[in-house]
Amino acid sequence: MLRFLFLISISMKKILKLVLSVCISGVFTTASADESVCPKDGKFPVAELKTRVLVIGEMHGSNEFPAFAKSVVCQLLAANKPVILGLEIPENEQVAINRYLQSQGTADDRRVLQQGKFWQGKMQDGRSSVAMFGLIETVRKLKQSGQKVLLAAFDISADYKPVPLEKNEPFSIGRVDGEMTLNIIDRIRQYPEYTYVALVGGNHASRDKYYPDNPEFSPMAYLLSRWEPIQTVYLSHQGGEFWVCRKPGAQLVCGPHPYPALKTKVSAEDDFSIELGKVTASPPLISLDQ
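Note that the sequence shown covers residues 1 to 290 in the numbering used here.
What the hints contain is simulated information worked out from the structure, not anything from laboratory work. Don't take each hint at face value.
To be verified - Cross-link-like lysine-lysine pairs, in silico, DSSO-like; alpha carbons within 30 Å at most: (1) K278 / K161; (2) K81 / K50; (3) K167 / K141; (4) K209 / K148; (5) K209 / K50; (6) K122 / K148; (7) K167 / K148; (8) K117 / K43; (9) K143 / K40; (10) K247 / K263; (11) K117 / K161; (12) K209 / K40; (13) K81 / K141; (14) K117 / K263; (15) K43 / K278; (16) K50 / K143; (17) K167 / K122; (18) K167 / K209; (19) K148 / K40; (20) K40 / K278; (21) K43 / K148; (22) K148 / K161; (23) K141 / K43; (24) K278 / K141; (25) K161 / K50; (26) K40 / K263; (27) K117 / K40; (28) K143 / K43; (29) K161 / K122; (30) K161 / K81; (31) K81 / K148; (32) K263 / K278; (33) K117 / K81; (34) K43 / K209.
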């Protein structure tokens with residue numbers, strides 16, 4: 001009997017040793033895959049994040065604002081927090097994004113993704129930049145390495161057009177912020193264990209009750225805060241260039257444009273204030289094939 005128990009003990013030790021070796025191997029494989037994607041150091045104080053929703057206000061068309069969002073996602077994953085990265089991309093692009101996230105990420109896969117109207121539009125305002133695509137690619141790599149990370153397109157559908165009743169009803173910014181808010185709320189309710197990181201234009205990220213130039217409508221972050229506790233990030237920079245579309249005359253001019261520094265502010269409106277340094281312009285994704 002004792003000999004039998006002794007043999008069982010040895011067998012159990014061998015099994016446990018094998019299980020541990022497999023687990024450790026899996027951990028190191030995932031870590032090494034993540035290290036090739038994620039920056040080693042991040043600026044965001046993860047320990048100070050007390051809510052499930054973090055809103056990052058950005059100026060479209062740079063490399064540095066998306067790079068900051070990427071580092072936040074990586075820091076949260078390193079802290080064992082599953083993440084949904086929300087981007088200001090029309091929600092009707094979600095099917096194509098999901099398909100790309102499951103692909104091998106080849107040049108052909110990228111070209112299929114960018115066939116959508118959002119990527120091909122004449123108005124290239126920075127939301128469809130190479131840097132923004134880089135965030136999708138980052139999520140693809142992290143997801144395929146085993147990390148719990150998702151990507152959600154939360155902007156109003158590019159094909160959305162309200163049907164007028166009796167008079168002309170111009171499209172309003174209120175519809176955009178309202179739809180963004182509902183899309184984010186729906187995701188956080190569907191995935192209660194995930195932290196939602198939303199990268200969105202600075203005006204939509206404001207927690208003021210109304211837009212300063214349009215007192216009839218409220219920004220997305222304000223509306224969202226009525227439903228769910230949120231924290232917001234203010235990103236300052238030392239100036240540089242952004243890829244934006246301007247109309248100085250009769251023609252629309254899209255390209256890198258200089259911008260002055262955006263100084264650090266101390267405000268009760270934002271929970272975090274972080275300096276990015278110099279900013280550089282990120283061209284449209286479609287420029288890679290031109």
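Tested hints:
In summary, the hint linking K278 to K161 is not supported, as the alpha carbons are separated by about 39 Å, beyond the 30 Å threshold. Taking the CA atoms of K81 and K50, the gap is about 12 Å. The hint holds against a cut of 30 Å. Distance restraint check for K167 and K141: the Cα-Cα separation of roughly 49 Å exceeds the 30 Å cut-off, and the hinted pair is therefore not satisfied. For the suggested pair K209 and K148, the alpha carbons sit about 34 Å apart, so the restraint of at most 30 Å is broken.
With a CA separation close to 22 Å, the supplied pair K209 and K50 stays within the 30 Å bound. Between the alpha carbons of K122 and K148 the distance comes to roughly 35 Å, so the proposed pair goes past 30 Å and is violated. For the suggested pair K167 and K148, the alpha carbons sit about 48 Å apart, so the restraint of at most 30 Å is broken. Taken as a hint, the K117 and K43 pair is broken in the structure, with Cα atoms around 34 Å apart against an allowance of 30 Å.
Restraint check for K143 and K40: the C-alpha separation of about 18 Å stays at or below 30 Å, so the hint holds. Between the alpha carbons of K247 and K263 the distance comes to roughly 26 Å, so the proposed pair stays at or under 30 Å and holds. Annotation: proposed proximity of K117 to K161 holds, straight-line Cα distance about 15 Å (limit 30 Å). Between K209 and K40 the alpha-carbon distance is near 37 Å, which puts this suggested pair outside the 30 Å criterion.
Distance hint between K81 and K141 is fulfilled; the C-alpha atoms sit about 17 Å from each other, no more than 30 Å. Pair hint K117 plus K263 does not hold up; C-alpha atoms about 35 Å apart against a cutoff of 30 Å. Simply put, K43 and K278 have alpha-carbon atoms about 15 Å apart, close enough for the 30 Å limit, and the pair holds. For the given pair, K50 sits about 24 Å from K143 by alpha-carbon distance, which is consistent with the 30 Å threshold.
Our distance criterion of 30 Å between C-alpha atoms is met by K167 and K122, whose separation comes to about 29 Å. For the proposed pair K167 and K209, the alpha carbon gap of about 29 Å is at most 30 Å, so the pair holds. Between K148 and K40 the CA atoms are separated by roughly 19 Å; this keeps the pair inside 30 Å, and the hint holds. For the proposed pair K40 and K278, the alpha carbon gap of about 20 Å is at most 30 Å, so the pair holds.
Between K43 and K148 the alpha-carbon distance is near 21 Å, which keeps this suggested pair within the 30 Å criterion. At most 30 Å may separate the alpha-carbon atoms for a hinted pair to count; K148 and K161 exceed this at roughly 35 Å. Restraint check for K141 and K43: the C-alpha separation of about 22 Å stays at or below 30 Å, so the hint holds. Restraint check for K278 and K141: the C-alpha separation of about 27 Å stays at or below 30 Å, so the hint holds.
The hinted pair formed by K161 and K50 fails the criterion: a straight-line CA distance of about 37 Å is larger than 30 Å. For the given pair, K40 sits about 26 Å from K263 by alpha-carbon distance, which is consistent with the 30 Å threshold. Distance hint between K117 and K40 is unfulfilled; the C-alpha atoms sit about 35 Å from each other, more than 30 Å. Proposed proximity of K143 and K43 is supported: the alpha carbons are some 23 Å apart, at most 30 Å.
Between K161 and K122 the CA atoms are separated by roughly 19 Å; this keeps the pair inside 30 Å, and the hint holds. Distance hint between K161 and K81 is unfulfilled; the C-alpha atoms sit about 37 Å from each other, more than 30 Å. Between K81 and K148 the alpha-carbon distance is near 8 Å, which keeps this suggested pair within the 30 Å criterion. Proposed proximity of K263 and K278 is supported: the alpha carbons are some 12 Å apart, at most 30 Å.
For the suggested pair K117 and K81, the alpha carbons sit about 33 Å apart, so the restraint of at most 30 Å is broken. Pair hint K43 plus K209 holds up; C-alpha atoms about 29 Å apart against a cutoff of 30 Å.
Checked against the numbered hints listed earlier, the structure breaks hints 1, 3, 4, 6, 7, 8, 12, 14, 22, 25, 27, 30, 33; every other hint is satisfied.
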